[in-house]
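Protein chains in written order, with the working numbering: chain A, 6 to 119; chain B, 7 to 300.
Rather than coming from a laboratory, the hints here were simulated on the basis of the structure.
The structure displayed is predicted, hence computed values, not measured ones.
Just so you know, even glycine gets a beta-carbon here, dropped at the ideal spot from N, CA and C.
Just so you know, not all the hints are guaranteed correct.
[Claimed, not checked] In the SDA-like style, the derived pairs of lysine to any residue whose C-alpha atoms are separated by at most 25 angstroms in a straight line are:
#1 K86/A / Q296/B
#2 K93/A / S71/B
#3 K93/A / T153/B
[To be verified] Coverage of chain B stretches by chain A, computed from C-beta distances (three or more under 8 angstroms per stretch; other residues unrestricted):
#4 60-69
#5 156-167
[To be verified] The following label-pair restraints were derived from C-beta to C-beta distances:
#6 H58/A / P163/B: 50 to 60 angstroms
#7 I101/A / E160/B: 31 to 41 angstroms
#8 N11/B / E102/A: 48 to 58 angstroms
#9 P116/B / A32/A: 37 to 47 angstroms
#10 A24/B / E102/A: 51 to 61 angstroms
#11 T19/A / L15/B: 32 to 42 angstroms
#12 G277/B / R14/A: 52 to 62 angstroms
#13 S10/B / I101/A: 47 to 57 angstroms
#14 H287/B / A32/A: 46 to 56 angstroms
#15 A32/A / L22/B: 47 to 57 angstroms
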Amino acid sequence: METTNDWIRVCTTTDIDSEDVLRFDFAGRAYAIFNAKSGFYATADLCTHGGAHLSDGLVMGDIIECPLHQGRFHIPTGQAKSPPACRKLRTYPIRIEGNELYMSIDPQDGKHES
Amino acid sequence: MRRSNAVPLRRLALGLIALGFFGYLYTSAIGSRWFLPALFLFGSTLSLTVYSLSHECSHGTVFRSHWLNETIFWLTSLLFGQEVLYRRYSHAAHHTHTMFVGYDAQLPFPQPAKLKAYLLWYTGIIYHSQFLRILFLHSLGRFSDKTRSFTPPEELPRMIRNTRLFVVIYGAAAVVSWYFSTSVLLWIWLLPKLAGDPVMLAYAGSQHFEKEENTTDLRRSTRSLRPNWLVDLFYWNMSFHIEHHLYPTVPFFALPKLNALLRDHLPEPMGILSATGNIFHQWWVRTCRQQVAD
């Protein structure tokens with residue numbers, strides 16, 4: 006695993022299908038890396054409601070649906086969109102260089118930085 | 007896995023046509039000797055549809071369009087008699103802690119169940135008293151410890167607001183009926199629903215009653231029913247209940263395919279009469295063993 010300053014190499018952009026998600030573990034934490042409708046994003050992997058892994062969930066456009074109770078989050082912003090999810094999901098910046106995808110583990114607003 | 011609007015809309019249209027036909031038979035039979043069978047047929051299918059569709063939509067998996075799913079969820083939950091947030095959060099706790107005593111939010115009575123509890127369940131007394139109690143308490147902003155245990159505190163004000171909206175709608179329906187001196191709602195809704203609720207409750211009860219408690223093996227805590235296309239038209243494929251608990255993200259119309267993949271690993275499903283008989287048989291065996299042990 007490569008790290009450049011605060012940026013951590015996650016995968017290549019071709020590793021994640023369109024409207025799909027990949028689990029990424031780093032330093033004891035799980036992150037979800039999305040190829041959503043509007044681009045690549047990174048969020049915390051655990052649902053803020055029941056603690057299930059969102060990387061096992063269903064991506065529909067810019068929405069991730071939790072596999073356990075079907076709560077929904079807006080991937081780019083982490084906003085909870087449908088109960089039982091009601092608390093915001095932490096988002097992380099993404100950077101793309103060539104086809105290499107990097108993320109920062111300093112939580113921000115999750116804006117795409119390509 | 008793909009979500010769809012076309013498949014559930016076709017199913018909904020078919021179900022509504024069938025309900026309309028049964029409703030026509032029922033209203034035509036008023037005053038005749040066929041009244042009671044027609045009431046039972048219409049009421050059962052009506053109650054089962056409202057319950058099942060509300061359940062499926064609570065998972066958000068029925069329709070591809072979220073707004074369509076939420077609209078049908080609100081409508082069917084209003085008819086089922088459970089405020090939408092309470093329905094969602096209590097059901098989420100049921101999925102997380104299926105048949106775990108003290109944690110499963112939808113276990114309707116203390117375990118191990120007594121015969122009286124089953125009689126109160128199957129006659130609808132528990133269901134209707136819970137409906138009235140929750141409507142009353144939540145509209146006043148009073149919540150039980152159990153409800154607070156599975157509801158995030160920031161959602162409680164929305165739960166109060168929704169419950170009050172439900173009360174206003176029920177009240178408005180009563181006032182309009184009284185003002186226009188009409189008993190239409192009584193005949194086409196209240197009476198059939200009350201008559202059909204025991205059938206709906208038999209199906210709801212078959213899902214977990216007398217199955218194993220406090221196990222994480224959903225095949226032992228949950229019961230699937232033998233699929234029946236006519237029943238599943240109104241039960242929205244909830245016959246595949248173990249499959250639903252194993253993979254709640256799977257929409258109702260894909261459950262038969264999921265069943266085909268898992269069949270060899272699942273217990274043999276029963277018909278509804280066998281399942282209900284099995285519940286009382288298990289209760290009887292358990293009670294006798296307990297008496298011998300005492």
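Going through the hints against the structure:
no., hint, verdict
1, K86/A / Q296/B, "violated (49 angstroms)"
2, K93/A / S71/B, "holds (22 angstroms)"
3, K93/A / T153/B, "holds (22 angstroms)"
4, 60-69, "holds (count 3)"
5, 156-167, "holds (count 3)"
6, H58/A / P163/B: 50 to 60 angstroms, "violated (30 angstroms)"
7, I101/A / E160/B: 31 to 41 angstroms, "holds (36 angstroms)"
8, N11/B / E102/A: 48 to 58 angstroms, "violated (40 angstroms)"
9, P116/B / A32/A: 37 to 47 angstroms, "holds (46 angstroms)"
10, A24/B / E102/A: 51 to 61 angstroms, "holds (59 angstroms)"
11, T19/A / L15/B: 32 to 42 angstroms, "holds (36 angstroms)"
12, G277/B / R14/A: 52 to 62 angstroms, "holds (57 angstroms)"
13, S10/B / I101/A: 47 to 57 angstroms, "violated (33 angstroms)"
14, H287/B / A32/A: 46 to 56 angstroms, "holds (54 angstroms)"
15, A32/A / L22/B: 47 to 57 angstroms, "holds (54 angstroms)"
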